[in-house]
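Chemist: Taken in order, these protein sequences are the chains called A and B. Everything in the first sequence is counted per full-length UniProt numbering, starting at 1 for the first residue and increasing by one. Everything in the second sequence is counted per full-length UniProt numbering, starting at 1 for the first residue and increasing by one.
None of these hints come from the bench; they were simulated from the model. Glycine is no exception: its CB is placed at the ideal position from the N, C-alpha and C atoms. Treat the hints with caution; some may be incorrect.
Which residues of chain A face chain B? A few of them, derived with a C-beta cut under 10 Å, are [what the hints assert, rightly or not]:
1. Cys314
2. Tyr318
3. Cys341
Now the in silico label distances, taken between C-beta atoms and shown as ranges [what the hints assert, rightly or not]:
4. B/Asn212 to A/Pro150: 43 to 53 Å
5. A/Pro150 to B/Ala229: 45 to 55 Å
6. B/Asp211 to A/Cys218: 24 to 34 Å
7. B/Lys238 to A/Gly133: 53 to 63 Å
8. A/Cys140 to B/Lys228: 52 to 62 Å
9. B/Thr237 to A/Pro136: 22 to 32 Å
10. B/Ile218 to A/Arg153: 51 to 61 Å
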Amino acid sequence: MRARPQVCEALLFALALHTGVCYGIKWLALSKTPAALALNQTQHCKQLEGLVSAQVQLCRSNLELMRTIVHAARGAMKACRRAFADMRWNCSSIELAPNYLLDLERGTRESAFVYALSAATISHTIARACTSGDLPGCSCGPVPGEPPGPGNRWGGCADNLSYGLLMGAKFSDAPMKVKKTGSQANKLMRLHNSEVGRQALRASLETKCKCHGVSGSCSIRTCWKGLQELQDVAADLKTRYLSATKVVHRPMGTRKHLVPKDLDIRPVKDSELVYLQSSPDFCMKNEKVGSHGTQDRQCNKTSNGSDSCDLMCCGRGYNPYTDRVVERCHCKYHWCCYVTCRRCERTVERYVCK
Amino acid sequence: MWVAWSARTAALALLLGALHGAPTRGQEYDYYGWQAEPLHGRSYSKPPQCLDIPADLPLCHTVGYKRMRLPNLLEHESLAEVKQQASSWLPLLAKRCHSDTQVFLCSLFAPVCLDRPIYPCRSLCEAARAGCAPLMEAYGFPWPEMLHCHKFPLDNDLCIAVQFGHLPATAPPVTKICAQCEMEHSADGLMEQMCSSDFVVKMRIKEIKIDNGDRKLIGAQKKKKLLKAGPLKRKDTKKLVLHMKNGASCPCPQLDNLTGSFLVMGRKVEGQLLLTAVYRWDKKNKEMKFAVKFMFSYPCSLYYPFFYGAAEPH
């Protein structure tokens, strides 16, 4: 009789933990895949970290794709940290994949960005891998139907965006398609935000041209459809992060939908990131909400932006310190063909938050 | 060699330091070669590669180094693209319009493999342009946008400076023949010239006028035969005026005597007819007859050279 309460407590705890689990971006743990793992046999798929069973199955049936997806995981992390380097929340917690803190576990604005960026990155990386010939299963994107413009012609190798979107979504959305996992609201939010990421990627497809005329002239211009660089897509998504919309899960007709919390007269737009739970200010360390805090973070004394010492340090003040920097100087190119440099030391003054 | 050179430089640095009465903050020189991670520049899909300059890239195979960076500094992304675009510059190289033409072109088409891109200095670009742009203009090709000299850095220690342009001339300078008057003797050479020309016409020349830096060839009304029409219409041939760009002050043996017929090749550029080659018509010349007869059977390449000169590199 006394044993039963313990069993009930354990079940409740597991259930509580279960509802918040964000399987959708655990695959970013692939960035830690050791180079020694060749990924040329199907049994290697079981050794990969952060995958749900559907993703393991995709790994087995598309083994040649996995090297590219590992590359995508690294690219997503790098792009996220770069895009948020000047913010209090600087995406450092993404390195903890697959065991995230609550800033990414919960339905926050930050997780909205990471879901969108991950979806965009995997599709971007696959599309580019088709172009570069790294993937045997696909090749250049299709020649567009519209004419390329006067004096231009289609040529080169277009980024294969449609293949990238297809295979990317199949892999990165797989965890959200599992029926048992998580709440419906979280699932809808994550699928929506992933689709926003892919939409941003579609919008970044543009016509690029090169002069291929005689003697470098522009009498013949070869054009192709190419994607913008991943960091440009990340910058676009960051803009959407800053204007993201808080939503609630509300019945509309016979179904439940995500609708804006404050302006619930309109549906959610396809282009806007959405979140269910508000974020802290990330000033102080608080593991309950997944905040690292800004103590000991470097800040910019002369900046007016988010990396300024006033904003980054949340008014707590900052400490200056001097750092010695060794760098190359007096570099000289010699024909033919090498460069010589000297090594110079200088001191720089840096500022860290109190 | 490098070590000795470095030692001398280090010694010099120490001496200078002693003279200033304070130790210099610079230390011994380090050498930098190829690294896989790109420091700057756009890398599309892949980080830059370091490849052997292939034997079938004749523009740069003899430039003085053996390996090149890809993508190159003209954003060509494959060797096939580099070869294709470089091929139209070979005839310019053959003209020897500047002693550093190859150094300049190859610094962009097949740049050296180092941990950072090394661009040509602006002075190198300006020297090559000064030597070669008039020749290109004579054939109706402006100095291209991709080689505009303002794109390249003002001279500093990390760009490629003029290398051979400083050498003293080994022979006294001779007045150079007009580019349009250099003679091709083989049928193949003539047909290559016909490929790079818009039109080919057998005609008589009534008179020649000087117009600024150009010569103007006024065609006679009669005894005109259009061998390759190209963009010319019937009305165009009624009164033919051909411009010999930059041809006012250079010798042209073919035009010393205007009697008889001439084989003339040209291009139509912005409504103006530019002369690209002129020969005295010689009905006994078998090579010329063959070229005229089989002109349209000759396999012109898609990216034909803009001109085909008789001068060969020695």
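Chemist: What hint numbers does the structure not satisfy?
Modeler: 1, 2, 4, 5, 8, 9, 10
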